[in-house]
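*Asks:* Going down the list, the sequences are from chains A and B. Residue numbers for the first sequence follow our numbering, beginning at 1 and rising by one. Residue numbers for the second sequence follow our numbering, beginning at 1001 and rising by one.
It should be emphasised that the hints constitute simulated quantities derived from the structure, not laboratory data. One or more hints might be untrue.
No more than 25 Å apart at the CA atoms, straight line, and that leaves these computed lysine-lysine pairs for DSS-like [said to hold, decoys possible]:
#	chain 1	residue 1	chain 2	residue 2
1	A	LYS14	B	LYS1088
2	A	LYS85	B	LYS1380
3	A	LYS87	B	LYS1074
4	A	LYS25	A	LYS219
5	B	LYS1074	B	LYS1088
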Amino acid sequence: MIEIDDLHKRYGDKTALTGVSFAVKPGEMFGFVGANGAGKTTTMRILMGVLSADSGQVRWNGAPLAFADRRRFGYMPEERGLYQKMKVAEQVEYFGRLNGLAPAAARQATADLLERLSLTERAGDEVGALSLGNQQRVQLAVALVHEPQALVLDEPFSGLDPIAVDALAEVLVERRRAGAPVLFSSHQLDLVERLCDAVGIISAGRMVASGTVAELRAKEGRGVLKVVVREAAPGWTAGLPGDLTTDGDEVRFTGVDGDGQEILRAATAAGRVEHFGWERPSLTEIFREAVA
Amino acid sequence: MSGLWLVARREIVTRGRTKGFVIGLVVSALLVGAFAFLPKVFDGPDSYTVGVVGSPAVQRELVEASAGSSRETKVTTRPFADEAAARKAVLDGDVDAAVVDEHRVLADGEVDRELGALLEGAHQTAQMQKQLTDARLDPATVARAIQVAPLEQVSVGADTRYAAARTGIATIVVIVLFFLIFQSAMFVAMGVVEEKGSRIVEILLTSIRPWQLLGGKVLGLGVLALVNLIVVMAVGLGTAAATGFTVDLPPGMTGIVLGTLFWFLLGYAFFSVLAAALSSLVSRQEEVSSVLTPLQMLIMVSYFAAFFTTMEPGTTLARVMSLIPPFSSMVMPVRTAGGEVPLWEIGLAAALMLAATAGMLAVGARIYERAVLRTGARVKLTEVVR
Ligand SMILES: Nc1ncnc2c1ncn2[C@@H]1O[C@H](COP(=O)(O)OP(=O)(O)OP(=O)(O)O)[C@@H](O)[C@H]1O
Ligand SMILES: [Mg+2]
Chain A
1 MIEIDDLHKR YGDKTALTGV SFAVKPGEMF GFVGANGAGK TTTMRILMGV
51 LSADSGQVRW NGAPLAFADR RRFGYMPEER GLYQKMKVAE QVEYFGRLNG
101 LAPAAARQAT ADLLERLSLT ERAGDEVGAL SLGNQQRVQL AVALVHEPQA
151 LVLDEPFSGL DPIAVDALAE VLVERRRAGA PVLFSSHQLD LVERLCDAVG
201 IISAGRMVAS GTVAELRAKE GRGVLKVVVR EAAPGWTAGL PGDLTTDGDE
251 VRFTGVDGDG QEILRAATAA GRVEHFGWER PSLTEIFREA VA
Chain B
1001 MSGLWLVARR EIVTRGRTKG FVIGLVVSAL LVGAFAFLPK VFDGPDSYTV
1051 GVVGSPAVQR ELVEASAGSS RETKVTTRPF ADEAAARKAV LDGDVDAAVV
1101 DEHRVLADGE VDRELGALLE GAHQTAQMQK QLTDARLDPA TVARAIQVAP
1151 LEQVSVGADT RYAAARTGIA TIVVIVLFFL IFQSAMFVAM GVVEEKGSRI
1201 VEILLTSIRP WQLLGGKVLG LGVLALVNLI VVMAVGLGTA AATGFTVDLP
1251 PGMTGIVLGT LFWFLLGYAF FSVLAAALSS LVSRQEEVSS VLTPLQMLIM
1301 VSYFAAFFTT MEPGTTLARV MSLIPPFSSM VMPVRTAGGE VPLWEIGLAA
1351 ALMLAATAGM LAVGARIYER AVLRTGARVK LTEVVR
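Between the sequences and the hints, there should be enough to build the whole structure, so can you do that?
*Replies:* Quick look at the structure:
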C-alpha cells in the first residue's frame, strides 16, 4: 500500500502542496485528478523521490518508502524522457536491466510488452523517428518492463489514440489484478471513472475529496432528481423543494433533501409520470462541484 | 554496482558507434601515423641502387659495408655490361648512380650526399687495399690492417642523441592528450545535459543512484577514450617501426607509454567529472558551452603550458606547471617524454594530481547529485555547493 501522508511543498514563495494525504491500496486503481497547477505532478515527483518535500512522508506497506522498494515501482514522469538516438527495444531492455532484470528476462519482457503495445515492427527504429504517440507507448513500456510492484504514472493516457488507450488500460488492469497499487493522474475524467476504483481530487495543493466514486457521489449528495411528467398541468411544481430547471416535460430538481417522495406525489397528481429517478452525477460533475 | 556497469556499457555501445567518435578515432590515428611517418619523408631515401661497370672492388666493398652496418641505409648493386647501358639506367632513374672502372661515378646531376659519402668510403677502402696489395703486402695482413673500428661517440654534456626524437614524441603526446581529454570531457557534458534536458534522469534516478549514473558515464566514455589513445599509440609506434624510425626511438619508450596512460587517466577523470558537474547545472544543449567556459580555459591553459614545455622543457615555468594539478596531467607526461625528470618531481606531481582528482570526484559528484534533478533555469553553483 502506498500512503501519502501530509505532504507540504513550497517553491520559493509559492505553495504547491498543503497537507496532501491519501492512500492507494494493493490491487486498487487510483485516479488522481485536479485542475492544471493543482499539484498532481508535484505530489507524484515527491512520491518517486525525484523531488523532496518540505515535510510529510511517503510510506510503502507501513514503512517509509526506501530506494530499494522504489526501484521496483514503475514510473512515468509528466515530461517524457527517452534517449532519442537509442533503438526502441534496446531502450526498453536497458531500463529493464537497470531495474534488476537479468538479460534474458529483460529481452523477453521487452518483446512481450512491445507486442502488446503494437510496437513490434518499430523495435529496431530509433525512438526519435517515432510519432509522439508511439514514443509515448515506448515510455509506457519503459515504466512497465520490470513488472513493477506499484505504478505511478503522470498522465499516461494523454496523447494516445483510442486503441492505445484500451491497450494501456488492459495492461494497468492486469497489474492491478496482480495486486499492485496503480496511481495515475489524468484530465480524462470519463476514463478515470470507467477504470478507477478510487479517485482523489486535488485543488490548489489540497486534497478536496478522495474515496471510491460511489463514496464521492454519496458525499456530493444524491445530486439531481429527474422527473418526466406527461400531460401535466402547468405549474405543478410550485411549492416543491429544491431548485429546478424545466425542459418541456422534463424537470430537474437539485438540492433536494430527503428522498423526494413529496415530489413524486405531486407529479403523480399532476399527470402521467414517465420517469422518476436520481441522476448519478458523473465524475466530471463531482469534480466541478468539489473544486468549486 | 551493476547499475554502474550497465550505464558504462550503454555509453560504450551507443557513443562508440556515433560518427563523432569514429571520425575522431580515425583522424587522430591518421594524424599520429602521419606524424610518425614524417621524419622518414624528410630523411630522404634509405636504400640506393648503384650500377657497377667493371668495378669488382668497389662493388665488394659496397656489399660488405651494407651487410655489416647497423645503419638503415641499404645499398644494392646492379652490374651493367658497358658504360652506355649504365648511363642510360642512370638517366632513366633505374639506378641512383653508377660506378665505372673503379674510378668514375655517373649520376644524373649531383650524387646524393649520403650516397656520395658511402661510395667515397667504399672507393677509398677498395683503392687502399689495392695499392697496398700492389706494394706486395700480404692481402690478409692488409685486410686486417685496414679494419678500423668507427669512432665511439661520447657526450660530455647532456645526452642529446635522442633530443629530436624526444621532442617529436612529446609533441605528439601533447596533441593527443589535449584532443582526447577535450573530446571526452565534451562527450560527458553532452551526455549529462541530454539526460537532464530530456528528463530521462527522472526515470534513471528512480532505478539507480546518482553516483552510479555519473560513474558509469565517466567510466564508459573513459574506456572509449582509452581505446582511442591505445589505438593512436599503436598506430604511432607501429608506423615508426614499419618505417624504420624505431632505431632512433629513445630508450625507456615503455615508460613513456605507461606514463602517458597514467597521466591521461588522471587528467580524464579530473576534467570529465568537472565537465559533468558544470553541465548538470544547465538543462539545454545550447547552454553547455557557456557553462563549460571555465573548464575549456583550464584545458587550454594546460595545453599551452604543455606545448611550451615541448619547446622549453628546462624552464622554471615548465617545471612549476608540471607540478600543479590539473595542468600537471598534460605538462608532466610531456616533460617526461621530452627529457629526464627527477623522480621526486614525478612523484610529487602524481600525488598532487591524485589528491586533486579525488577532491574533484567528491565535489563534482555532490554538485551533480544536487543539480541534475533541478530542471528549468540554470542552477547557480552557490546553491549546490556547501
Ligand atoms: N519548478 C517549479 N518552480 C516553481 N513552481 C513550480 C515548479 N513546479 C511546479 N510549480 C508550481 O506548483 C504548482 C503545482 O504544479 P504541478 O506541476 O504539481 O501541477 P499539476 O497538477 O501537475 O498540473 P498539470 O495538470 O498542469 O500538470 C503550480 O502552481 C506550479 O506553478
Ligand atoms: Mg502535472
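*Asks:* Take the hints in turn and mark each one as holding or not.
*Replies:* We went through each hint and held it up to the structure:
Annotation: proposed proximity of LYS14 (chain A) to LYS1088 (chain B) is violated, straight-line Cα distance about 97 Å (limit 25 Å). At most 25 Å may separate the alpha-carbon atoms for a hinted pair to count; LYS85 (chain A) and LYS1380 (chain B) exceed this at roughly 30 Å. Our distance criterion of 25 Å between C-alpha atoms is broken by LYS87 (chain A) and LYS1074 (chain B), whose separation comes to about 57 Å. Our distance criterion of 25 Å between C-alpha atoms is met by LYS25 (chain A) and LYS219 (chain A), whose separation comes to about 21 Å.
Only pairs whose Cα atoms come within 25 Å are accepted, and LYS1074 (chain B) paired with LYS1088 (chain B) is accepted, the gap being roughly 23 Å.
In this structure, the earlier hints numbered 1, 2, 3 are contradicted, and the remaining ones agree with it.
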